[in-house]
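Line order of the protein sequences matches chains A and B. Just so you know, this note's numbering puts 128 at position 128 of the first sequence, and the rest follows in order with no gaps. When you read off a place in the second sequence, starting at 1, and then add 134, the result is the number in this note's numbering.
Careful, some of the hints might be misleading.
[Said to hold, decoys possible] Now the stretches of chain B that chain A is said to cover, found in silico as 3 or more residues with beta-carbon under 8 angstroms: (1) 151–160; (2) 199–212; (3) 234–243.
[Stated by the list, open to error] Calculated Cβ distances over 10 angstroms to all of chain B for the following chain A residues: (4) Q21; (5) P106; (6) G107; (7) R110.
[Said to hold, decoys possible] For each label pair, taking beta carbons as the anchor points, the in silico distance ranges come out as: (8) B:G143 / A:V133: 33 to 43 angstroms; (9) B:D164 / A:S33: 33 to 43 angstroms; (10) B:A184 / A:D113: 40 to 50 angstroms; (11) B:L205 / A:G122: 58 to 68 angstroms; (12) B:T136 / A:T120: 49 to 59 angstroms; (13) A:D93 / B:A220: 11 to 21 angstroms.
To be clear, the hints were calculated from the coordinates, so they are not data collected in a lab. A quick note: this is a predicted structure, and the numbers were derived from the prediction, not measured. We treat Cβ as the ideally placed atom computed from N, Cα and C, and that holds for glycine.
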Amino acid sequence: MAPGDARVLIATDADVVAARQKGREIASARGFSATDQTLIATAISEVARNIVTYAGTGRIDVSPIDDHGRAGILVIASDEGPGIPDTALAMRDGYSTANSLGLGLPGAKRLMDEFEIVSTVGGGTTVTMRKWVR
Amino acid sequence: MTVPILKQGDVLIASIQAALSDRDLAALRDELADRVGRLRIRGVVVDVTALDVLDSFASRTIRGIAYITKLRGADTVVVGIQPEVAFAMVQLGLTLDGVTTALDLEEGLEALRSLRSRTDHLGAR
């Protein structure tokens, strides 16, 4: 991990809070507005909860990133859980298998600028999200 | 992290002081549902001013508090949703359908009074 990166191991609902607080801290240091810090923290909360609910354990990595002088934040949520058979379906609003609102993944996507999900059944899930300072 | 619940007459005021885990929020819901019946409560104010994130689970649980207390005979008003939090909730697609909200504690207590007078008025007809 590069300096400034942070990793939060996710296993319980308390870790979900720790992950979003760490994300807000790094977003604040990056110069994100108070509103954007909240959007980032909320997106992290959703993907971290997905780890607890569906995979049991996993991790959230938060890193400061730059693209041609533009400051941003990179969030990677990864687990070695059961995986999602149909990621397109999981990204549809209202879809859920664990009695949640089914807003977690599509909601997190709306809160961030970039969002991609890679999942293998039996191999785990990785969600990669970026947001840029406006 | 337990949430202090203050009783004032037949009103309960739950002031969330810091970030809550899912379990803490669910515990608050269960505690309020219990006390509403046990203490013959008519109104509940949930103050979320200190919450910097209201994600899908938190919104669902708070809505649950309002619905459950309603079925137990008490109105709930949610107060203190921060502007950034409100913005994030809208982006996320979250709503608090059917839940009364107010800006702060004072407005929340006022909202409870007007909800009550409406209920009493309907009951008297």
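Review point. At the C-beta level, are A:D93 and B:A220 separated by a distance inside 11 to 21 angstroms?
Key: Since A:D93 and B:A220 have Cβ atoms about 20 angstroms apart, the given range 11 to 21 angstroms holds.
Practice item. Just tell me: holds or violated, for the beta carbon distance of B:A184 and A:D113 against 40 to 50 angstroms? Key: violated (28 angstroms)
**Study point:** chain A over the region 151–160 of chain B, status - at least 3 residues with CB closer than 8 angstroms
**Key:** Since 5 is at least three, the answer is holds.
Check your understanding: Do B:L205 and A:G122 keep their Cβ atoms within the hinted range of 58 to 68 angstroms?
Key -> Violated - the Cβ-Cβ distance for B:L205 and A:G122, about 43 angstroms, lies outside 58 to 68 angstroms.
Point to revise | Within 8 angstroms of chain A's CB atoms, at least three CB atoms from the region 234–243 of chain B: coverage verdict | key: violated (count 0)
Point to revise | No chain B beta carbon within 10 angstroms of A:R110's | key: Since the minimum Cβ distance to chain B is about 5 angstroms, A:R110 lies within 10 angstroms and the statement is violated.
Review point. Cβ-Cβ distance between B:D164 and A:S33: within 33 to 43 angstroms?
Key: holds (36 angstroms)
Review point. Is 49 to 59 angstroms a correct range for the gap between the Cβ atoms of B:T136 and A:T120?
Key: violated (41 angstroms)
Practice item. Measuring Cβ to Cβ, find out whether A:Q21 lies farther than 10 angstroms from everything in chain B. Key: violated (7 angstroms)
Exercise for review: Check the following: the C-beta atoms of B:G143 and A:V133 are separated by a distance inside 33 to 43 angstroms.
Suggested key: Hint violated: Cβ distance 49 angstroms, outside 33 to 43 angstroms.
Review point. Would A:P106 pass as off the interface with chain B, using Cβ distances and a cut of 10 angstroms?
Key: A:P106 not clear of chain B: closest Cβ-Cβ about 8 angstroms, inside 10 angstroms.
Exercise for review: Would you check whether the claim that A:G107 is not at the interface survives, using Cβ distances to chain B and the 10 angstroms cut-off?
Suggested key: violated (4 angstroms)
Of the hints listed earlier, those the structure fails to meet are numbers 2, 3, 4, 5, 6, 7, 8, 10, 11 and 12, in rising order.
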